[in-house]
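Protein chains: 2
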Amino acid sequence: MAFLKVVSLEKALEIINSFPLKPTIEEIEIEEAYGRILAEDVISPIDVPPFDRASVDGYALKSQDTWNASESNPVVLKVIGEVHAGEEPKVEVSPGETVYISTGAVLPKGADAVIEFEVVEREEDKVIIYKPVYPQAGVMKAGTDISKGKLLLKIGTKLGFKETALLSAVGFEKVKVFSKPKVAIISTGNEIILPGDELRPGKIYDINGRAVSDAVKELGGEPHFIGIANDDRESLKEKIIEALKYDIIILSGGASGGTRDLTASIIEELGEVKIHGIAIQPGKPTIIGLIEGKPIFGLPGYPTSCLTNFTLLVAPLIRKLLGMDFKIEYAKKKLAHKVFSVKGRRQFLPVRINDEVAQPILKGSGAVTSFIEADGFVEVPENVEILEEGEEVRVVLFKF
Amino acid sequence: MAFLKVVSLEKALEIINSFPLKPTIEEIEIEEAYGRILAEDVISPIDVPPFDRASVDGYALKSQDTWNASESNPVVLKVIGEVHAGEEPKVEVSPGETVYISTGAVLPKGADAVIEFEVVEREEDKVIIYKPVYPQAGVMKAGTDISKGKLLLKIGTKLGFKETALLSAVGFEKVKVFSKPKVAIISTGNEIILPGDELRPGKIYDINGRAVSDAVKELGGEPHFIGIANDDRESLKEKIIEALKYDIIILSGGASGGTRDLTASIIEELGEVKIHGIAIQPGKPTIIGLIEGKPIFGLPGYPTSCLTNFTLLVAPLIRKLLGMDFKIEYAKKKLAHKVFSVKGRRQFLPVRINDEVAQPILKGSGAVTSFIEADGFVEVPENVEILEEGEEVRVVLFKF
Numbered sequence: 001m002a003f004l005k006v007v008s009l010e011k012a013l014e015i016i017n018s019f020p021l022k023p024t025i026e027e028i029e030i031e032e033a034y035g036r037i038l039a040e041d042v043i044s045p046i047d048v049p050p051f052d053r054a055s056v057d058g059y060a061l062k063s064q065d066t067w068n069a070s071e072s073n074p075v076v077l078k079v080i081g082e083v084h085a086g087e088e089p090k091v092e093v094s095p096g097e098t099v100y101i102s103t104g105a106v107l108p109k110g111a112d113a114v115i116e117f118e119v120v121e122r123e124e125d126k127v128i129i130y131k132p133v134y135p136q137a138g139v140m141k142a143g144t145d146i147s148k149g150k151l152l153l154k155i156g157t158k159l160g161f162k163e164t165a166l167l168s169a170v171g172f173e174k175v176k177v178f179s180k181p182k183v184a185i186i187s188t189g190n191e192i193i194l195p196g197d198e199l200r201p202g203k204i205y206d207i208n209g210r211a212v213s214d215a216v217k218e219l220g221g222e223p224h225f226i227g228i229a230n231d232d233r234e235s236l237k238e239k240i241i242e243a244l245k246y247d248i249i250i251l252s253g254g255a256s257g258g259t260r261d262l263t264a265s266i267i268e269e270l271g272e273v274k275i276h277g278i279a280i281q282p283g284k285p286t287i288i289g290l291i292e293g294k295p296i297f298g299l300p301g302y303p304t305s306c307l308t309n310f311t312l313l314v315a316p317l318i319r320k321l322l323g324m325d326f327k328i329e330y331a332k333k334k335l336a337h338k339v340f341s342v343k344g345r346r347q348f349l350p351v352r353i354n355d356e357v358a359q360p361i362l363k364g365s366g367a368v369t370s371f372i373e374a375d376g377f378v379e380v381p382e383n384v385e386i387l388e389e390g391e392e393v394r395v396v397l398f399k400f
Numbered sequence: 001m002a003f004l005k006v007v008s009l010e011k012a013l014e015i016i017n018s019f020p021l022k023p024t025i026e027e028i029e030i031e032e033a034y035g036r037i038l039a040e041d042v043i044s045p046i047d048v049p050p051f052d053r054a055s056v057d058g059y060a061l062k063s064q065d066t067w068n069a070s071e072s073n074p075v076v077l078k079v080i081g082e083v084h085a086g087e088e089p090k091v092e093v094s095p096g097e098t099v100y101i102s103t104g105a106v107l108p109k110g111a112d113a114v115i116e117f118e119v120v121e122r123e124e125d126k127v128i129i130y131k132p133v134y135p136q137a138g139v140m141k142a143g144t145d146i147s148k149g150k151l152l153l154k155i156g157t158k159l160g161f162k163e164t165a166l167l168s169a170v171g172f173e174k175v176k177v178f179s180k181p182k183v184a185i186i187s188t189g190n191e192i193i194l195p196g197d198e199l200r201p202g203k204i205y206d207i208n209g210r211a212v213s214d215a216v217k218e219l220g221g222e223p224h225f226i227g228i229a230n231d232d233r234e235s236l237k238e239k240i241i242e243a244l245k246y247d248i249i250i251l252s253g254g255a256s257g258g259t260r261d262l263t264a265s266i267i268e269e270l271g272e273v274k275i276h277g278i279a280i281q282p283g284k285p286t287i288i289g290l291i292e293g294k295p296i297f298g299l300p301g302y303p304t305s306c307l308t309n310f311t312l313l314v315a316p317l318i319r320k321l322l323g324m325d326f327k328i329e330y331a332k333k334k335l336a337h338k339v340f341s342v343k344g345r346r347q348f349l350p351v352r353i354n355d356e357v358a359q360p361i362l363k364g365s366g367a368v369t370s371f372i373e374a375d376g377f378v379e380v381p382e383n384v385e386i387l388e389e390g391e392e393v394r395v396v397l398f399k400f
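Note that the protein sequences, when read in sequence, are chains A and B.
So that you can map any letter, position 379 of the first sequence is 379 in full-length UniProt numbering, and since no number is skipped, the others follow by simple counting.
So that you can map any letter, position 341 of the second sequence is 341 in full-length UniProt numbering, and since no number is skipped, the others follow by simple counting.
None of these hints come from the bench; they were simulated from the model.
Beta carbons are placed, not taken as given, at the ideal position from N, Cα and C, and that holds for glycine.
Any given hint could be a false lead.
Okay, the calculated bits of chain A under chain B, using three or more residues with CB under 8 Å as the criterion [to be verified]:
1. 41 to 52
2. 182 to 192
Reference excerpt, derived from the structure (chain A facing chain B, CB under 8 Å, subset only) [said to hold, decoys possible]:
3. G160
4. G196
5. I204
6. A215
As a list, the in silico SDA-like pairs of lysine to any residue whose alpha-carbon atoms are at most 25 Å apart [to be verified]:
7. B:K109 - B:Y130
8. B:K332 - A:G160
9. B:K217 - A:I25
10. B:K332 - B:F400
11. A:K176 - B:H224
12. B:K284 - B:Y130
13. B:K174 - A:E198
14. B:K203 - A:R122
15. B:K399 - A:V42
16. A:K399 - A:G160
17. A:K363 - B:H224
For reference, chain A alone in the conformation it holds in the complex (with noise of 0.2 Å):
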């Protein structure tokens, strides 16, 4: 069975967007809203004002009564009542009248400017003014910041501080964005215990559950790590069992050849094997399958072999069931040194990037320490044999 289905990264790619997954969108209140992406475009529903307010505190009046003031000729009007912030005025203002409004309140009918009060004089209920006001002056109209109708925010977009506080400008309690894939998480090898267990001969710590599980999160993922799965064909069939009722399942190998048989002929037997084996290093033991409408990702075992597959492959899927476009994306970045392949594969090798250049890691897909130092990985294509000094190469960034 092993490698019988040996593809290439692009039909990898083509085969995991054909999967019956697509993105579901949920309603959630304002206050959970922070980091989610935004599955619908926001119209405002109202005006913001939503009536004319006064931005300053003082008098509400006609502008033309003003305009012949001055210094030795005031205007004195009548106060004929008081409106502030929150109130409906119960007062309309007439010719020689003037209504005392705070910041925030709605302009009184007949009114259409606010002087400030500390350029007027007040002696029981007359204003005196000495400077005329134009029209609009001290007044924010219904609208001229968010007009009703307007296409505030769209489909895919991140909700940041910003945007939240602009859905709560409008009245929104409830938005409605992209449901986050649930992905459940399996580490397997009899030697994989958990961190807090005692580390007794022959055992190392899980890397990869934790390292998947975190990465699931920052793509915007749920993750839901299952556990440990022995290389027993019981114990494994079992943890994917449970792993089914999420949306996908990613199983990190073991570092042995044994455990990747193992899985496949367990999906084989709930499932399809669509995948086994893709043309790139690392990447050749990869199995993917499909259970119950349910992608299952079979990782290679080696840290960065794991994270490296995980973000060719998985990572997509995820942006996909979060609105965004079904894509890796390369960057353009300058090789720091000669770097010498095999001809003939497809190689992906862990850099670091400083400024526009990639410095590879030269550890080993067995190193923990090759991807911790990781910021992504550059594409050596089967052709190629030597990568020069400051050649332009293709980088997969470790960001999600």
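Using the hints provided, position chain B relative to the given structure of chain A.
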């Protein structure tokens, strides 16, 4: 009482920095550590790998046994056992002997190399080897990836998926992080209502409550929205007392001047007003006090003013509680066009950043859209009336 304690921005920061608040540390499960700030230097308690480990599936042997091997003169070794990943080897390799070993398994005593199974021939309990093997071939020595005692992560590191994976690799099930500062948020003003409530005449939806809550989240703090207080003594005092169970209290003022006096008077009753007005624009009405050792910030009501003052005054304190430096960070940018200011006033104007250019947003601080569109704000010093196009300016970024 108003404006008795107007201070410079620098003096205000000095006072805030002197408040009796210190970072606190908590130990959390590694599952919860993603995104948190490390509160300890992490030294590896173990070697990784913890033992000499096979990095291929094959045969463990004494390399010296193979040094004379060739196609025409193969070496034959006796297979005396097997060792699989996760097991403790029960055999020891003597000259002329070999042990089948799977990737990730412990190299048995006596062996110093592993040859891949693909390049040998197996005949019953014999293995035929046609080429020499170097010492350490196919082996990852204990501690070559991470050595015991190595400094892995420094205090203050933000834990991404690579960092949590590294902690997992060395067996950490718990980790010490800085506690999230708990920030109480109160919106004030008779005109302010919550999204979802009916927009009756004179009312507007709360913006600052949402913006400040989510900005606190972005900074790494834990927001607690207490609600909206009316412009009356009892309502505001009750909310402030409720908020005292958190580390920091933030009020965003109603737009009107009356609210400020009310806030100041309640702070004086319950504690002490430390600052009443800061010599910056916006920021003149900002009140800062201390009640039962808890800092309370009365920020302006206009969203842009509120967020600007939050960024200048509260964000440094939240960062300090997360183990970071207490300071405002400025970036240098070029001004997109000439700006006129008022001499004698130190201003902060909202700007949009395009590459290295700061484009002023001139909508006024009453507009929601002026802070929504802003990436930060540029400082116009007190003694400056005109900033020229292309001039280098200091920008504080709205990025936490």
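Quick rundown of the hints versus the structure:
{"no.": "1", "hint": "41 to 52", "result": "holds (count 5)"}
{"no.": "2", "hint": "182 to 192", "result": "holds (count 4)"}
{"no.": "3", "hint": "G160", "result": "holds (7 Å)"}
{"no.": "4", "hint": "G196", "result": "holds (3 Å)"}
{"no.": "5", "hint": "I204", "result": "holds (6 Å)"}
{"no.": "6", "hint": "A215", "result": "holds (4 Å)"}
{"no.": "7", "hint": "B:K109 - B:Y130", "result": "holds (23 Å)"}
{"no.": "8", "hint": "B:K332 - A:G160", "result": "holds (24 Å)"}
{"no.": "9", "hint": "B:K217 - A:I25", "result": "holds (24 Å)"}
{"no.": "10", "hint": "B:K332 - B:F400", "result": "holds (17 Å)"}
{"no.": "11", "hint": "A:K176 - B:H224", "result": "holds (23 Å)"}
{"no.": "12", "hint": "B:K284 - B:Y130", "result": "violated (85 Å)"}
{"no.": "13", "hint": "B:K174 - A:E198", "result": "holds (14 Å)"}
{"no.": "14", "hint": "B:K203 - A:R122", "result": "violated (28 Å)"}
{"no.": "15", "hint": "B:K399 - A:V42", "result": "holds (24 Å)"}
{"no.": "16", "hint": "A:K399 - A:G160", "result": "holds (18 Å)"}
{"no.": "17", "hint": "A:K363 - B:H224", "result": "violated (46 Å)"}
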